[in-house]
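As given, the protein sequences belong to chains A and B, one line each in that order. FYI, the numbering for the first sequence is 1 to 599, going by our numbering. FYI, the numbering for the second sequence is 1001 to 1599, going by our numbering.
Please keep in mind that the hints were generated in silico from the structure rather than gathered at the bench. All figures in this text were calculated on a predicted structure; none of them were measured in a lab. By construction, the Cβ of each residue, glycine as well, lies at the ideal position given by its N, Cα and C atoms. Check before you lean on any hint, since a few could be wrong.
Straight line, CA to CA, 25 Å or less: simulated DSS-like cross-link-like pairs of lysine-lysine [to be verified]:
1) A:Lys544 <-> B:Lys1467
2) B:Lys1128 <-> B:Lys1460
3) B:Lys1460 <-> A:Lys544
4) A:Lys121 <-> A:Lys460
5) A:Lys121 <-> B:Lys1544
6) B:Lys1121 <-> A:Lys544
7) B:Lys1054 <-> B:Lys1495
8) A:Lys121 <-> A:Lys467
9) A:Lys54 <-> A:Lys26
10) A:Lys544 <-> B:Lys1128
11) B:Lys1544 <-> B:Lys1495
12) B:Lys1026 <-> A:Lys121
13) A:Lys99 <-> B:Lys1102
14) B:Lys1400 <-> B:Lys1356
15) B:Lys1400 <-> A:Lys99
16) A:Lys467 <-> A:Lys452
17) B:Lys1329 <-> B:Lys1495
18) A:Lys452 <-> A:Lys128
19) B:Lys1544 <-> A:Lys128
20) A:Lys102 <-> B:Lys1099
21) A:Lys495 <-> A:Lys54
22) A:Lys121 <-> A:Lys452
23) B:Lys1128 <-> A:Lys460
24) B:Lys1128 <-> B:Lys1467
25) B:Lys1054 <-> A:Lys54
26) A:Lys467 <-> B:Lys1495
27) B:Lys1495 <-> B:Lys1026
28) A:Lys26 <-> A:Lys495
29) A:Lys26 <-> B:Lys1467
Sample of chain B residues with no beta-carbon within 10 Å of chain A, all distances over it, derived [stated by the list, open to error]:
30) Asp1139
31) Arg1155
32) Lys1467
There are 2 protein chains.
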Amino acid sequence: MVTRLSHFFLRTLREDPADAEVTSHKLLVRAGYIRRQAPGIFAWLPLGLRVKAKVEQVIREEMTNAGAYEVHFPALLPREPYEITNRWEEYGDGIFRLKDRKDADYLLAPTHEEVFTLLVKDLYSSYKDLPLTIYQIQDKYRDEARPRAGLLRGREFTMKDAYSFDSSDAGLDASYMAQRDAYERIFQRLGLEYVIVQADAGAMGGSRSEEFLHPTAVGEDTFVRSAGGYAANVEAFTTVAPEPIALDGLGAPVIFDSPNTPTIQTLVDHSNAHLEAPVSGIAGPATDGVTEWTAAHTLKNVVLALTHLDGTRELVIVGVPGDRDVDDKRVEVAFAPAAVEPATEQDFAANPLLVKGYIGPWSETGAVLGEESATGIRFFLDPRVVDGTAWVTGANIDQKHVHTLVAGRDFTGDGFVEVASVRAGDPAPDGSGPVELARGMEIGHVFQLGRKYADALGLKVLDENGKLVTVTMGSYGIGVTRILAIIAELNNDDKGLIWPASVAPFDVHVVAAGREPVMFDVAAQLSADLEAAGLDVLYDDRPKVSPGVKFGDAELVGVPKIVIVGRGAADGQVELWDRRTGDREVVSVADAVARLSAR
Amino acid sequence: MVTRLSHFFLRTLREDPADAEVTSHKLLVRAGYIRRQAPGIFAWLPLGLRVKAKVEQVIREEMTNAGAYEVHFPALLPREPYEITNRWEEYGDGIFRLKDRKDADYLLAPTHEEVFTLLVKDLYSSYKDLPLTIYQIQDKYRDEARPRAGLLRGREFTMKDAYSFDSSDAGLDASYMAQRDAYERIFQRLGLEYVIVQADAGAMGGSRSEEFLHPTAVGEDTFVRSAGGYAANVEAFTTVAPEPIALDGLGAPVIFDSPNTPTIQTLVDHSNAHLEAPVSGIAGPATDGVTEWTAAHTLKNVVLALTHLDGTRELVIVGVPGDRDVDDKRVEVAFAPAAVEPATEQDFAANPLLVKGYIGPWSETGAVLGEESATGIRFFLDPRVVDGTAWVTGANIDQKHVHTLVAGRDFTGDGFVEVASVRAGDPAPDGSGPVELARGMEIGHVFQLGRKYADALGLKVLDENGKLVTVTMGSYGIGVTRILAIIAELNNDDKGLIWPASVAPFDVHVVAAGREPVMFDVAAQLSADLEAAGLDVLYDDRPKVSPGVKFGDAELVGVPKIVIVGRGAADGQVELWDRRTGDREVVSVADAVARLSAR
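Kindly generate the complete structure, drawing on both the sequences and the hints.
Laid out in structure tokens, this is it:
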């Protein structure tokens, strides 16, 4: 049935919504696709719902092709399964919790690993039942601290989440690749360019995790890639550590006065003014051919406060080369699931051995941090701080630093940690050359969970030998409403939206552009003919609206093919208007039907 | 693509779930359609999701035919709109409430009148924009005190809710009828017999309200109907009041001793033993030709405690003929939105004029209840207590009653109220004859809301004369998951489900019944041919499962058409099995395809 704009529930708006920051948000509201209900919570109007249904249909078809079966879980779920896996606590303020009239705890699920695991546990018992991949397209909830950017980061959003179940690691690999391949087809069909980057497997214990990022300068995620094909998000990047250096022949550590040098830059300036130049070729970082002290010679020790899941608070110190920052996202991943924040003044006051601005792993009387630590504070090092490297760093005395402090001789960490910022030019860990940094938007995530959830919830099956084995799982997510917003973000101009045909709310937008009855007669017949040819038609039959306003609405709404039925109508002529290129072409009505229905 | 049972996510269960009370719940769980997550909260497995999608599709098509446009609101909504209409309070414990991380109040919406009203207010401004009907198919939440009967009364459930907007009463009537007609088509297509009954318009102030009930002896709702076409639920039934009787010539009220007669039956027995027989033909209820005292001669006065929305508590008394009960559902509707409960011992203690078991509207010293009441308690009468009727009732003295107490002379109520039970044989209010009582299940509700929500939320449009007028609205609901359960409840036998073709999860269930390769070859080809003919096919290709188990599963799952590919396969013969009738017929493979695809 032709949708007639004279009755259709659509009002376009002239003004951008006051709270909209990004283009997709502005245009989707102005063009009548969505409407805000609360921060990060939107209603879907008829146009928006049509686009959403088309995105979902593409995903559904590719899930079916990949052998996955669709189920549907409720949003409202009881606390217990999430309690068992610790996620009830781990999510902190990030989820919506509530109680029912009997005071039982519930949550609005942010993701469904637990209940999918329990469902399979309920129904399956043998390796012969596997592999299995099941998915849902479902509304999820997260209580974001700063819901923003319209649909890009909402508090209610639609996701496709799939979960695979296998009795062997090889099975998991196959299930993972089937979903990964399906994701490639989905994004290709949606016209979304993507880069597959290694992602951190995090505290999940999974062995493989990749994100699909759409590369764009306005993306919120940073990733690195090399010309040789390496790609990873910054959290997953691993540092290429230099070879350790023999400890022989290095001088002893030297404490020196360094008044008013609490920052790396002041320390470097002071060193160049008061110390002999670093000896070219001695063991240590970045010294070859360098005749001045630089930030790369210094070891920056940053105190962090972890809050563990059980509520306990722990100070840790990370030592990184002074020419690099401690990257917030890498820190978060490195210490997950603990929450990380900077140490406070109280923390320093409680640990008098930590002299703020002059912290180091060593003092005249021995180890302060690391092995045989005097402080009891764990000390993690950047992988570049290998044995034999010599550093300028704090001497744990106010206004004093030490140089020629050698790793592996004068200090040793409690382990290495990937928290230093990644820079363009850093070598890719796979040897494929230096990396460059780029930005992107996450559009999908495939993830080998391994046995974490199956272990926690007791999902085991009998194997070929009749022995119980724990099932290994994968988790695969696409943010449906998010990628809809990304498509809108990428497909627009100053006039409005320009949908790819695969997700456009209508295939053709017919405009009766004038007041003569013949225009309406021809437009109505053309619309009916196009519908009969299997196309979805939006027909702007508003009797008293000017052609200019109708054209403006058509451009704003963004159906890719527009037909203008104007002055030529009496002669059987109409105009085909390509919304993307702007090209217009006069053709006969019959040709219009033929051209538009040839796909 | 043919769905193969060897891979499909389905496990049938032998045992009924322990918590299942009704057939639909038992069978939907056993046959692998749904799975319980919490009380009244279910996950949908692939079979169930397919049936649900088909029910939704029927509804969607008829909504489109009725000119309604689909939108989709979030389940999580802010408190404010519901606060304005008082529903935040009115729902009491019946809704899920929660707070976000900023301590703002939210609810999981039980229904969406407020936000639909605000949406139209946001976008529309003129009578020319109307009429408009918009709808959604969406998951709703109610914190039922006793979630039960599986999907029949869940805490999360899917509803189609539509709302109409008109600038005139005549417009509302037309929009209402369009939805009402659509409902008739929907239930016809779903094979659901229905009766349209008048329903109470309640506190909404709407002028018309009708329920679609499926008549069934196991229904939870009682309704009345006459042979002449009247039908109403008991809450909406209105009593035919007798004509008032002249007050002349009636004797004065007589107080008499009535020891140990706190109940109607003891009072009637006592009266027959100690009073003169009632005079035939005197004014009063049910006296013509009656020579014994009966319950119908007595006036039963029941004390109720109302709790108003503002939290205040008020005692009221209802007087009904002693041969009728006070009906809980009619009381609830009569005093809505106040909550009603029986008066407590404390209430009686606080009102010494109320002598329990001997309460009446009159005492020797004058009015106790009603006009010039000595108690201050409002007194509502059954419509049958018209002026001139004479009653036996309490005298407000322990162990004493009064007879010949005449309404309109000795006492007057504060109004009439429809709270007495309805009985078979009561006259229909439209004069269409006596009613009978029947039971049914609610499957839909159409409702003229009038201007309640538009008034509260300020939805006005400019009329033809440029004046602002308040919009008038209708509300139209179908419980999608509920009618799915009702269809299951009505379509089954002791072997399992038997779906109507319009909502069956698959069109055909093909069973390879044996171990010979030819059976699998023929079955696979037949399945592919049926899919090519446009049918959805479930093919039981499990290699090591016996024919008996496969047949049992097919019967339990309930696809209406089954094809058995067994011993005849080598000769190109298969068996068509009609799940509903049980008929089996041997046909050639070619005939099977032709027969099954002819619809």
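So, going through the hints one by one against the coordinates:
For a cut-off of 25 Å, the pair hint linking lysine 544 (chain A) to lysine 1467 (chain B) stands: about 21 Å separates their Cα positions. Distance check on the hinted pair: lysine 1128 (chain B) and lysine 1460 (chain B) sit about 12 Å apart at the alpha-carbon level, within 25 Å; holds. A C-alpha spacing of about 23 Å is found between lysine 1460 (chain B) and lysine 544 (chain A), which places the hinted pair at or below 25 Å, so the restraint holds. Straight-line distance between C-alpha atoms of lysine 121 (chain A) and lysine 460 (chain A) comes to about 7 Å, which keeps the hinted pair within the 25 Å bound.
Using a Cα cut-off of 25 Å, the hinted pair lysine 121 (chain A) and lysine 1544 (chain B) holds, with the two alpha carbons roughly 22 Å apart. Under the criterion of a C-alpha separation no larger than 25 Å, the hint pairing lysine 1121 (chain B) with lysine 544 (chain A) is consistent with the structure, at around 22 Å. For the hint pairing lysine 1054 (chain B) with lysine 1495 (chain B), the CA-to-CA distance comes to about 23 Å; that is within 25 Å, so the pair holds. The straight-line distance between the Cα atoms of lysine 121 (chain A) and lysine 467 (chain A) is roughly 16 Å, inside the 25 Å bound, and the hint therefore holds.
A distance of roughly 21 Å separates the Cα atoms of lysine 54 (chain A) and lysine 26 (chain A); the hinted pair therefore holds under the 25 Å criterion. Between the alpha carbons of lysine 544 (chain A) and lysine 1128 (chain B) the distance comes to roughly 11 Å, so the proposed pair stays at or under 25 Å and holds. Proximity of lysine 1544 (chain B) to lysine 1495 (chain B) is assessed by CA-CA distance (about 22 Å); at most 25 Å being required, the pair is judged to hold. Annotation: proposed proximity of lysine 1026 (chain B) to lysine 121 (chain A) holds, straight-line Cα distance about 20 Å (limit 25 Å).
The suggested pairing of lysine 99 (chain A) with lysine 1102 (chain B) holds, with an alpha-carbon distance near 18 Å, which does not exceed 25 Å. Simply put, lysine 1400 (chain B) and lysine 1356 (chain B) have alpha-carbon atoms about 11 Å apart, close enough for the 25 Å limit, and the pair holds. With a C-alpha separation of about 52 Å, the suggested pair lysine 1400 (chain B) and lysine 99 (chain A) falls outside the 25 Å cut-off, and the hint is violated. Between lysine 467 (chain A) and lysine 452 (chain A), the direct Cα distance comes to roughly 19 Å. Compliance with the 25 Å bound is thereby established for this hinted pair.
With a C-alpha separation of about 37 Å, the suggested pairing of lysine 1329 (chain B) with lysine 1495 (chain B) is violated against the 25 Å cut-off. Note on lysine 452 (chain A) and lysine 128 (chain A): the hinted pairing holds, with a Cα-Cα distance of about 21 Å set against a maximum of 25 Å. With a C-alpha separation of about 11 Å, the suggested pairing of lysine 1544 (chain B) with lysine 128 (chain A) holds against the 25 Å cut-off. Restraint check: the Cα-Cα separation between lysine 102 (chain A) and lysine 1099 (chain B) comes to about 18 Å, which is no more than 25 Å; the hinted pair holds.
Distance restraint check for lysine 495 (chain A) and lysine 54 (chain A): the Cα-Cα separation of roughly 23 Å lies within the 25 Å cut-off, and the hinted pair is therefore satisfied. Restraint check: the Cα-Cα separation between lysine 121 (chain A) and lysine 452 (chain A) comes to about 14 Å, which is no more than 25 Å; the hinted pair holds. Proximity of lysine 1128 (chain B) to lysine 460 (chain A) is assessed by CA-CA distance (about 63 Å); at most 25 Å being required, the pair is judged violated. A threshold of 25 Å between alpha carbons decides the hint, and for lysine 1128 (chain B) with lysine 1467 (chain B) the separation of about 13 Å falls inside it, so the pair holds.
Restraint check: the Cα-Cα separation between lysine 1054 (chain B) and lysine 54 (chain A) comes to about 18 Å, which is no more than 25 Å; the hinted pair holds. Simply put, lysine 467 (chain A) and lysine 1495 (chain B) have alpha-carbon atoms about 35 Å apart, too far for the 25 Å limit, and the pair is violated. With a C-alpha separation of about 12 Å, the suggested pair lysine 1495 (chain B) and lysine 1026 (chain B) falls inside the 25 Å cut-off, and the hint holds. Straight-line distance between C-alpha atoms of lysine 26 (chain A) and lysine 495 (chain A) comes to about 12 Å, which keeps the hinted pair within the 25 Å bound.
A hinted pair counts as satisfied when its Cα atoms are at most 25 Å apart, and lysine 26 (chain A) with lysine 1467 (chain B) does not qualify at roughly 32 Å. Residue placement check: aspartate 1139 (chain B) does not keep its beta carbon more than 10 Å from all beta carbons of chain A (closest about 7 Å). For arginine 1155 (chain B), the requirement that its beta carbon stay farther than 10 Å from each beta carbon of chain A is not met, with the minimum near 7 Å. In this structure lysine 1467 (chain B) is separated from chain A by more than 10 Å, as the shortest Cβ-Cβ distance comes to about 21 Å.
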